[in-house]
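Colleague: In the order they appear, the protein sequences are chains D and V. According to this note's numbering, the first sequence is numbered sequentially starting from 1. According to this note's numbering, the second sequence is numbered sequentially starting from 1001.
Honestly, the hints are just simulated from the structure, not real lab data. Some clues are possibly wrong.
Said to hold, decoys possible - Derived DSS-like pairs: lysine-lysine, alpha-carbon spacing no greater than 27 Å straight-line:
id, chain 1, residue 1, chain 2, residue 2
1, D, 178, V, 1298
2, V, 1075, V, 1249
3, V, 1075, V, 1215
4, V, 1143, V, 1258
5, D, 353, D, 458
6, D, 178, V, 1288
7, V, 1130, V, 1178
8, D, 72, V, 1215
9, V, 1253, V, 1075
10, V, 1298, V, 1288
11, D, 178, V, 1075
12, V, 1143, D, 72
13, V, 1288, V, 1178
As the list claims (entries may be wrong) - Reference listing, derived: stretches of chain D covered by chain V, where coverage requires no fewer than 3 residues with Cβ under 8 Å from a Cβ of chain V:
id, segment
14, 314 to 321
15, 324 to 330
16, 401 to 413
Said to hold, decoys possible - Per label pair, the in silico range of CB-to-CB distance:
id, chain 1, residue 1, chain 2, residue 2, range
17, V, 1172, D, 250, 21 to 27 Å
18, V, 1302, D, 83, 21 to 27 Å
19, V, 1139, D, 2, 38 to 44 Å
20, V, 1121, D, 297, 53 to 59 Å
21, V, 1175, D, 351, 57 to 63 Å
22, V, 1289, D, 179, 19 to 25 Å
23, V, 1139, D, 258, 43 to 49 Å
24, D, 370, V, 1101, 53 to 59 Å
25, V, 1130, D, 231, 56 to 62 Å
26, D, 178, V, 1139, 39 to 45 Å
27, D, 131, V, 1178, 50 to 56 Å
28, D, 179, V, 1224, 56 to 62 Å
Cβ coordinates follow ideal geometry from the N, Cα and C atoms, glycine included.
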Amino acid sequence: MSWELLLNSFGLATMVSFFAVLIGWSVAVFLASTAGRWRIVLLGGSIAAFSLPPFLVVNTWLGLLGNVGVLKPVLPVDVYSFGGAVWLLTLMLWPVPCLMSYGALKRLTPELLDAEPGLGGWPLIKEVLLPLSGSALLQSGVIVFALAFNNIAVPAILQVNVFPAQFWVEFSSTYNFKMAWQYGWVLALMPLGVLLVLRGQEIAWPWESQGVPAEQFADRLGQALRRIGAGVAVLAVVISFLLPLGHLLVDARTWSDFPDAIRAGARSIWNSLWFAAGTSVLVVGLGALFSDQKGGRLAWLLFFLPGVLLGVVLISVFNRPWLGWFYGGSGVVFAALGLRYFALGWEGMRLAKRSVDADLQHISDLSGVPWWQRWLHLFLPQAGWAMAAVWYVVYLLCLWDTETVVLIVPPGGETLALRVFNLLHYGHHAQVNALCLILLLLAVLPLIAGAVVAAFVKRRAR
Amino acid sequence: MKTWAEKWMIFVTALLLVGCGSGGDAVTVYTSQDQVYAEPILREFEQQTGIAVRAVYDSEAVKTVGLVNRLIAEKANPQCDLFWNNEEFRTHQLASMDVLDEGQSVETFGARTRQWVWNTNQLSRAALPKDLTSLTNTLWRGKVVIALPLFGSTATHFQVLRQQWGEKRWRDWCRALKANDVMTVDGNSVVVQLVGRGEVALGLTDSDDVRAGRKNGLPIAGQSIAEDGFSIRNSIGYIAGAPRPDLAKRLAKYLQSKPVIDSLVSAGALDRGAPDAPADIAWPSVVKENERAVADLKSIYLD
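Please model the entire structure based on the sequences and the hints provided.
Modeller: Structure below.
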């Protein structure tokens, strides 16, 4: 086992966590002090930045600062470096601390603020805001750490040696399960540590509290700090969301290669859609089924476990003659993605069920209403949106996933994300832009379909 | 409220519903040929024959070795019908491990060559080293990049050199090369990128990677390694116990047809005017020595 690589991974994940928390928290403070259109735009921008395909971000920065990047002559920074990996992963992950800190900051009440009428500016941050959001910062920092530590696609493309990527290479080059378990325990320590840190801690969801009116918060924060927050927020959204999107849409090659990319990648497009949509249905369904089981929390272990390790486990379990029908087909991909993201389904459905009117639930229990009727008439009208949101988050994560499926992808089962990963790794960039655009279109497809269905239902109701 | 047993039944049913493998009238090929070259050819085969092709491509980081190990791991449970390799050594290795059908010999076609690749802004053709042993001179300290010699054609090249030079001379050279700060990276295409970016002046790579780099506008040039170089031929192996051996034969015949070889040459995957006769390499002995060579290479380049 290479301790040097392990330290490298720890260093990378620590730096990404630090910068992501710093940026995310600054943006969250500004969001809490802003009302109206700006808040909606920046909040939407933060969510959109997190929802972008990782490859789109990587490809953008390779286009800007890569070997023949457009900014290379004026900005001689090497993106193929440790610093480049920190930069890109930070750009992808800062929305996690931002949204979690925003939820925590919204717990600040006018009464709490009025208790210290003279407190403003930096002392307000030090005495009130930091302690209030400390738990969210720790939680989000740990989550970002785990996500950055487990990521193999970004460091591998940037030629940065990290432990999980080396694990993948070593296992692929030997299929030595003994070696895999020797390495694996270190990788498994990560999710265990995350679960221990998060154990018993409550997450502050942004929609749970009203918070202090933005004007009052802004007044107490002071102009100088607000301006800094505004600058960070606008820059963060522009650099991590608008820049990749703009780069993709403005680049002529995106459009010229688009028809070829569709022709060449038709099967991958279908695979991505099928695996992502199927897994998210499976995860939401099973999440609903098991949401009342407390042991479901253990599923977070699988979420934070590096995807390649999960792949190794699945190979050792399913690569058997009598399971060939499952191992050689799409089943193994559904199993892998389903296990990885089950925690989101379980947690999401638990929260969704909790939001349903308790009295109505009680009455339906007492009157012996069949479960499917309860679903149709009680759960769906009240928690349907929450369920759709969980489905969509899992759908997006499955769409971008490479780590979980890279070892187990069945013949003909290549996904778009794997295709882009391989093409970027080979250095054949011709179709990558167009493939990223297709990935983005697949990402918004359910939103468009949802909007069409909603419009249709509304029209019929009239 | 459903019981645990009911919940698990629903869970298992859900998995079974989504888990059905899609075999049908399709041939499964594992190929280490670059995806950008292989894909159009396999698609053309589908169109011409109506036989669907289910392909698994390898990754640049674990070039060929990843697929070879997957085939070995699946030996008792073969999923693949045909292995299309863009080099020869690993196919012979699979044959020696009974992963390939005993009744079928390894077939080879087309060829690439091992090449010097250099940044034309930093080096001239005249300044190239005269042979591989010159790379250990201090003149080249920190100026040479190679793919990690555990994977792909670089691994094959190193193992062939071991056979040609003898173990001692080869090991000394490997150590001297490492001591001379040779840079090792993931794959031959990365070698070309680094040389193209001017981060390293000189590299060892394959002719198809040089052509791809030049097509991308990199300021590089390539030249075959005259002494101690070798031709890398594409190879085909038939998997023992393959689910669809007849379809595998049809695909293999198609891959070795003149139009396909011509299209691989036009795409830059194979060299024009490649030699018809196989290179004079005693593959069984290279395969036999593989484990010892890999152990040496690991101790020199990884530890």
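Colleague: Take the hints in turn and mark each one as holding or not.
Modeller: Each hint tested on the structure:
Straight-line distance between C-alpha atoms of residue 178 of chain D and residue 1298 of chain V comes to about 18 Å, which keeps the hinted pair within the 27 Å bound. A hinted pair counts as satisfied when its Cα atoms are at most 27 Å apart, and residue 1075 of chain V with residue 1249 of chain V qualifies at roughly 19 Å. A C-alpha spacing of about 39 Å is found between residue 1075 of chain V and residue 1215 of chain V, which places the hinted pair above 27 Å, so the restraint is violated. Straight-line distance between C-alpha atoms of residue 1143 of chain V and residue 1258 of chain V comes to about 40 Å, which puts the hinted pair past the 27 Å bound.
With a C-alpha separation of about 25 Å, the suggested pair residue 353 of chain D and residue 458 of chain D falls inside the 27 Å cut-off, and the hint holds. About 23 Å separates the Cα atoms of residue 178 of chain D and residue 1288 of chain V, which keeps this hinted pair within 27 Å; it holds. Annotation: proposed proximity of residue 1130 of chain V to residue 1178 of chain V holds, straight-line Cα distance about 19 Å (limit 27 Å). Annotation: proposed proximity of residue 72 of chain D to residue 1215 of chain V holds, straight-line Cα distance about 20 Å (limit 27 Å).
Restraint check for residue 1253 of chain V and residue 1075 of chain V: satisfied, since their Cα atoms lie roughly 24 Å apart, inside the 27 Å limit. Restraint check for residue 1298 of chain V and residue 1288 of chain V: satisfied, since their Cα atoms lie roughly 17 Å apart, inside the 27 Å limit. For a cut-off of 27 Å, the pair hint linking residue 178 of chain D to residue 1075 of chain V stands: about 18 Å separates their Cα positions. Pair hint residue 1143 of chain V plus residue 72 of chain D holds up; C-alpha atoms about 22 Å apart against a cutoff of 27 Å.
With a CA separation close to 25 Å, the supplied pair residue 1288 of chain V and residue 1178 of chain V stays within the 27 Å bound. Counting residues of the segment 314 to 321 of chain D whose CB falls under 8 Å from any CB of chain V gives 4; the rule of at least 3 is met. Only residues whose beta carbon comes within less than 8 Å of a beta carbon in chain V count, and the segment 324 to 330 of chain D has 7; three or more means the coverage holds. Evaluation of the coverage hint for the segment 401 to 413 of chain D: fulfilled, as 6 residues show C-beta separations to chain V shorter than 8 Å, against a requirement of three.
For the pair residue 1172 of chain V and residue 250 of chain D, the supplied restraint of 21 to 27 Å is violated, since their beta-carbon distance comes to about 54 Å. The supplied range of 21 to 27 Å is met by residue 1302 of chain V and residue 83 of chain D, whose beta-carbon atoms lie about 25 Å from each other. Between residue 1139 of chain V and residue 2 of chain D the beta carbons are some 31 Å apart, a value that contradicts the proposed interval 38 to 44 Å. For the pair residue 1121 of chain V and residue 297 of chain D, the supplied restraint of 53 to 59 Å holds, since their beta-carbon distance comes to about 58 Å.
For the pair residue 1175 of chain V and residue 351 of chain D, the supplied restraint of 57 to 63 Å holds, since their beta-carbon distance comes to about 60 Å. For residue 1289 of chain V paired with residue 179 of chain D, a C-beta distance near 22 Å keeps the hint of 19 to 25 Å intact. Checked against the hint of 43 to 49 Å, the pair residue 1139 of chain V and residue 258 of chain D passes, with Cβ atoms roughly 48 Å apart. Evaluation of the 53 to 59 Å hint for residue 370 of chain D and residue 1101 of chain V yields a pass: the beta carbon distance comes to about 57 Å.
About 58 Å separates the C-beta atoms of residue 1130 of chain V and residue 231 of chain D, a value consistent with the hinted range of 56 to 62 Å. In this structure the hint that residue 178 of chain D and residue 1139 of chain V lie 39 to 45 Å apart at CB holds, the actual value being about 44 Å. Hint check: residue 131 of chain D to residue 1178 of chain V, Cβ distance near 53 Å, so the stated range 50 to 56 Å holds. Between residue 179 of chain D and residue 1224 of chain V, the C-beta spacing of about 37 Å breaks the proposed range 56 to 62 Å.
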